[in-house]
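Protein chains: 2
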Amino acid sequence: MPSFKSTSDQAGWPQDVGILSMEVYFPAQYVDQQELEVFDGVSPGKYTIGLGQTKMGFCSDREDINSLCLTVLSRLMERTGIGYENIGRLEVGTETIIDKSKSVKSCLMQLFEESGNTDVEGIDTTNACYGGTAALINAINWVESSSWDGRYAVAIAGDIAVYATGAARPTGGAGAVAMLVGPHAPLVMERGLRGSHMCHVYDFYKPDLSSEYPTVDGKLSIQCYLSALDACYRTFSRKAAAKEPSSPPMSLHQMDAFIFHSPYCKLVQKSLARLCFNDFLNCPADQVAIRYPGLEAFREKKLEDTYFDRDVEKAFMAHSQDLFFSKTKPSLLIATQVGNMYTPSLFGGLASFISGNSVENLAGKRVALFSYGSGLAATMFSLRITQDVGPDSPLTHFVASLQDLQQRLDARYKVSPPEFAETMKLRQDTHHKAPYNAVGSIDRLFPGTWYLTKVDEMHRRQYERRPLVGVSNVAGNVATVHMKETSSVTGESTQQLHV
Amino acid sequence: MPSFKSTSDQAGWPQDVGILSMEVYFPAQYVDQQELEVFDGVSPGKYTIGLGQTKMGFCSDREDINSLCLTVLSRLMERTGIGYENIGRLEVGTETIIDKSKSVKSCLMQLFEESGNTDVEGIDTTNACYGGTAALINAINWVESSSWDGRYAVAIAGDIAVYATGAARPTGGAGAVAMLVGPHAPLVMERGLRGSHMCHVYDFYKPDLSSEYPTVDGKLSIQCYLSALDACYRTFSRKAAAKEPSSPPMSLHQMDAFIFHSPYCKLVQKSLARLCFNDFLNCPADQVAIRYPGLEAFREKKLEDTYFDRDVEKAFMAHSQDLFFSKTKPSLLIATQVGNMYTPSLFGGLASFISGNSVENLAGKRVALFSYGSGLAATMFSLRITQDVGPDSPLTHFVASLQDLQQRLDARYKVSPPEFAETMKLRQDTHHKAPYNAVGSIDRLFPGTWYLTKVDEMHRRQYERRPLVGVSNVAGNVATVHMKETSSVTGESTQQLHV
Chain A
0 MPSFKSTSDQ AGWPQDVGIL SMEVYFPAQY VDQQELEVFD GVSPGKYTIG LGQTKMGFCS
60 DREDINSLCL TVLSRLMERT GIGYENIGRL EVGTETIIDK SKSVKSCLMQ LFEESGNTDV
120 EGIDTTNACY GGTAALINAI NWVESSSWDG RYAVAIAGDI AVYATGAARP TGGAGAVAML
180 VGPHAPLVME RGLRGSHMCH VYDFYKPDLS SEYPTVDGKL SIQCYLSALD ACYRTFSRKA
240 AAKEPSSPPM SLHQMDAFIF HSPYCKLVQK SLARLCFNDF LNCPADQVAI RYPGLEAFRE
300 KKLEDTYFDR DVEKAFMAHS QDLFFSKTKP SLLIATQVGN MYTPSLFGGL ASFISGNSVE
360 NLAGKRVALF SYGSGLAATM FSLRITQDVG PDSPLTHFVA SLQDLQQRLD ARYKVSPPEF
420 AETMKLRQDT HHKAPYNAVG SIDRLFPGTW YLTKVDEMHR RQYERRPLVG VSNVAGNVAT
480 VHMKETSSVT GESTQQLHV
Chain B
0 MPSFKSTSDQ AGWPQDVGIL SMEVYFPAQY VDQQELEVFD GVSPGKYTIG LGQTKMGFCS
60 DREDINSLCL TVLSRLMERT GIGYENIGRL EVGTETIIDK SKSVKSCLMQ LFEESGNTDV
120 EGIDTTNACY GGTAALINAI NWVESSSWDG RYAVAIAGDI AVYATGAARP TGGAGAVAML
180 VGPHAPLVME RGLRGSHMCH VYDFYKPDLS SEYPTVDGKL SIQCYLSALD ACYRTFSRKA
240 AAKEPSSPPM SLHQMDAFIF HSPYCKLVQK SLARLCFNDF LNCPADQVAI RYPGLEAFRE
300 KKLEDTYFDR DVEKAFMAHS QDLFFSKTKP SLLIATQVGN MYTPSLFGGL ASFISGNSVE
360 NLAGKRVALF SYGSGLAATM FSLRITQDVG PDSPLTHFVA SLQDLQQRLD ARYKVSPPEF
420 AETMKLRQDT HHKAPYNAVG SIDRLFPGTW YLTKVDEMHR RQYERRPLVG VSNVAGNVAT
480 VHMKETSSVT GESTQQLHV
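Quick mapping for you: the protein sequence lines, in order, are chains A and B.
Residue numbering for the first sequence follows numbering that gives the first Met the number 0, starting at 0 and increasing by one per position.
Residue numbering for the second sequence follows numbering that gives the first Met the number 0, starting at 0 and increasing by one per position.
Fair warning: there could be bad hints in the mix.
One copy or any two copies: either way a pair holds, since identical chains are not told apart in the list.
The calculated lysine-lysine pairs, modelled on DSSO-like cross-linking and capped at a C-alpha distance of 30 Å, are [as the list claims (entries may be wrong)]:
# : residue 1 : residue 2
1 : K413      : K432
2 : K453      : K218
3 : K301      : K313
No lab work stands behind these hints, which were simulated from the structure alone.
Could you build all of it, start to finish, from the sequences and the hints given here?
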C-alpha cells in the first residue's frame, strides 16, 4: 500500500496535519442580484448593499447533491493526480438531503470502482451549514488516530441553498468544496485550539422533508449566529491562553485573517465588528481610551444585550473597518458572487482568501475560521500556513490551483431573473419526482461537471459527465511532494455512472 | 477542567481506548411474532423460524428519534454519575431523519444546559444502519487525536425501523444505545484492524422523504450484506496478518465471539456460516479433509457465486452450528426480542453478549463485530476485553449495568396485532404533521422515558419525561475509576424541555 507515513509516525500524531489541497465547484450559471432587485420590486440596494451580494449561483434540475460532490471529487483527484487507491477516508458534510438513509459518500464510491479500493472509512455528517467542518475535523482526527494507515483523507462539503419566493430567496447559492487532508500540509490545523458552541435552537431547520426550502426564524438566526460567535471566540481565546500563557491575549491582532461562514456578506462584516466589540469588552480599563478612543461609553454594554444594538454595531463596524478590508474582505470573493453555499461557504471563504494572495504573502500567516450551522453547532478553529515557499512546495501548488477562481466566476452564464424563477419553479415541482427525466441544458455546465440524467421509478438516480476538454490541469501536484503517482486525466468521452 | 488525561498522553495516543460503559433503551411495548403470523395469515413459523424473531418492539406516536436519544443519554449519564461538563464529544448515528438540517445531537444539548457545557464537538452521522459505528469510530479517533482534552466522548445510535404492511413489516424494531468512550476502557478497540467495504448500491434506501418506510430490494440487500461481509473479513484478516505475522491466520478460531448487525436473526446465523465458508476456501488444500470432512466438493465454489447457493448455505450452517451457539447466539437476545433497531442493532448485540456472560468468562476475550449499513457502508472491527476482573473494575461495573436486560425485556407490555397495526397506521397518518398533539399512552412507557408532547405549527417539538421512580442506579460507576464526580440523579418530578 503506498504510504507517506514515516517511521516517526508509527505510534503518535504525524506532523503538520491539515489541508493539502482544495477544489471548489460552483454552478456555471448565476442571476444578477441588481437585476433581481428590479424583478422582485424591492428598493435598489436591498440585496447588493443590504446583504452585500452581487451574483447568486444556482442549479437547474441537472444538479443535485450527488452530482455536485461527484464533480468536485473528480476534479480534486484529477488535478492532484492522486489515485483513488490512496484515499483511506472520505466523508461528506451536507444538509441537502435527498435520501434519509443512503449517504452521498456511498454514491461517490462509484468513482473508486476502477481502483478496486473499497476500504474507505467515513460517511455523511449533518447539522445545517456545519457538516463540512465536522467532516474536516473527523478527517484530521483520523490521520492523528491509531487507525491511520498512511493514506489521504478527503472531506467534502456540498449543498444547494434555495428559499421560497420572498425576502430570503436572494440569500441562496450552491456549490461544493473538496479538501485533501494529511500530514505535512501547507495549511496546518493548530492543535488544541478548537472552541465549539453547541445548543438546541429552532432558528433554521428543515422539518418539511418534501420541500427543498427551510423553515427560518430570521431574527433568531442572527442572534444565534452572533451569540455562538461570542461563545466560540471566548473558548478559543481561553484555550489559546492556556496553551501559550506567555503570548498576548487573543484579539483581532493575533490573527492575520478571519474567515466566517457567510449566510450573506453583510453579516460577515458585522461579525468582524462583533469580535472587535468582544476585544473592547476584554480590554483592560486603563487601555480603553488609547485603543478605543471615543468608544468608552460602550463599556457598560453586555454581549447578550447587544445582538441588535444598532449603536454598538455602527460604532464597531466603523472601528473595525480597516481590519475588515485587510483581514476578512479577501475571503468574500465566492460568497459575494455565488451566495450562501451552506456547508462549503466557510471553505469557499478560505479558497477566496488563498486565491487573492501570493505565496509570499501567505507564508507563515495564521487564519481563524468560524463555522456556524443552525440548530445549532459552531466551532472556531485556526490554520497556520507553512513557511515553505519554494517553487515546488505544497503551498505553491495550493495557491496555483486556486489562481483561476475569478476567471471561473467570470466565465459563468448570466440568467435573467424570469428564467431563474422558472428554474426554481421547475425544481420545486419536480423535487423528489420519480420516474423523472431531467430537462435542463447540459451545454451551460462547466466541462467536467457530472449531471443528473434520470431518476427511475425506484428513485434510483443516474448521472453522466460533461467531457473535460479545455480544462487544463495545474502543472505538478501536491502529491508529488510525498508520493509519486501517475495522473489519469479523464478523456474526452462522456462518462456514465450506472446504478 | 476535570480530566483523566495522564502526563504520558500529552503527545500521542492514550492507552486502551474503547467503550467504558453502555446504555441500552428499547420501547416498553412489543407485538408477539407468533401472534403476528396468525394476524397476517402467513404460514406458522414464517417469522419465528424463518426470520428467527420472537417479539418486535415498536413506538407509539409518543416517541421519535429525539426522544429515544434523550432517554438513552439521560440514563447513561445518571447511571455512570458523570457530569455533563465532562463530555467533550457527542454524536448520533441514525437514519431516522425527521429534520434534514437540525441534528439530533443539537436536541440532546438541552440536557447539557444546566452544566453550562456547550463546548462539545460532534454532530449526526448517516448511512443506514452504519451510523452508530461511524459515531463510535469518530469518538475513538477524537480521543486519540491532538484535540482530545481529557474529557469523555459519547456515541449514540438510535432508530425506529418500520415497514409498510407486507413481508418486511415483521423485520421492524426500535431502540437506542449510548456508549461512553475513553481510555482505560474495559472494551478496547483493537488498533489497526478495521476492515471496511464501501460501495454504491440501491439495496435499501429512503428516497421518499415524506414516509417513514424504506424502499427495499430484498434479494439485493442480502447479496450486498453477504458480499460486504466477505470483503470486510478479507481486509480484516489481511490487516491482522500484517500486524501479527507470527499469529495463525485469521479464522473463526481466532475470536471468542462474532457479533453481527442483525436485520433479522436468521441472517446472522447464515453470516457465521458464511465466515465458515470463507475459512474453508482459505484452508490449505492438504488440511481440508481433516478440518472440513465431507465438504471437499465445495472447494470449486466461489464466494461471488454463492450468495443464494442453498447447498453451500446448508452445509456450512450445519458445520458451524456449534460455533454459532457458542460464539454468536448469546449476542442475539435483544435482536430476537426487539427486532432490528438499525444503527443500535450491532451494539444491542454487544450488550446482549456482555449481559449473558460473567465477568470471569469475559475477561481477556476477543470479539469481532460486523457493522452493515445499506447503500452501502460496512466495517469489521474487534474489541479486546480487559483482564481486570476486580470487584471495582470497569469491567465489573460494565457487566453489572447490563445484568437487568432480560428482566427489562420481560417487563414490557404486550400489544395485540390489531392494536399494533392501528399504531402503525397512526404513525403513518401523522408522520411530520404540524401542529400535532401526541395521543399515545404515557403510562406504558418505562420510568425515565422522554416522550413527545406536541409539535407546534412551526414543527418545533416539545418533550416531557416520565419520572424515574423505581429505577435503581447501579452502585458505583465507571467514572470512579478515573475521576470522582457526584451523581445527580433526576428526581421524581416530571422534566420538561422547552423549545
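Outcome of the hint check:
Only within a single protomer do K413 and K432 lie at most 30 Å apart by alpha-carbon distance; the minimum there is 27 Å, versus 40 Å between protomers. Taking the shortest alpha-carbon separations for K453 and K218, only the inter-copy value of 24 Å comes in at or below 30 Å, while the best intra-copy value is 39 Å. Taking identical chains as interchangeable, the C-alpha atoms of K301 and K313 lie at most 30 Å apart only when both belong to the same chain, with a minimum of 16 Å there against 73 Å between chains.
In the structure shown, no violation is registered for any of the earlier numbered hints.
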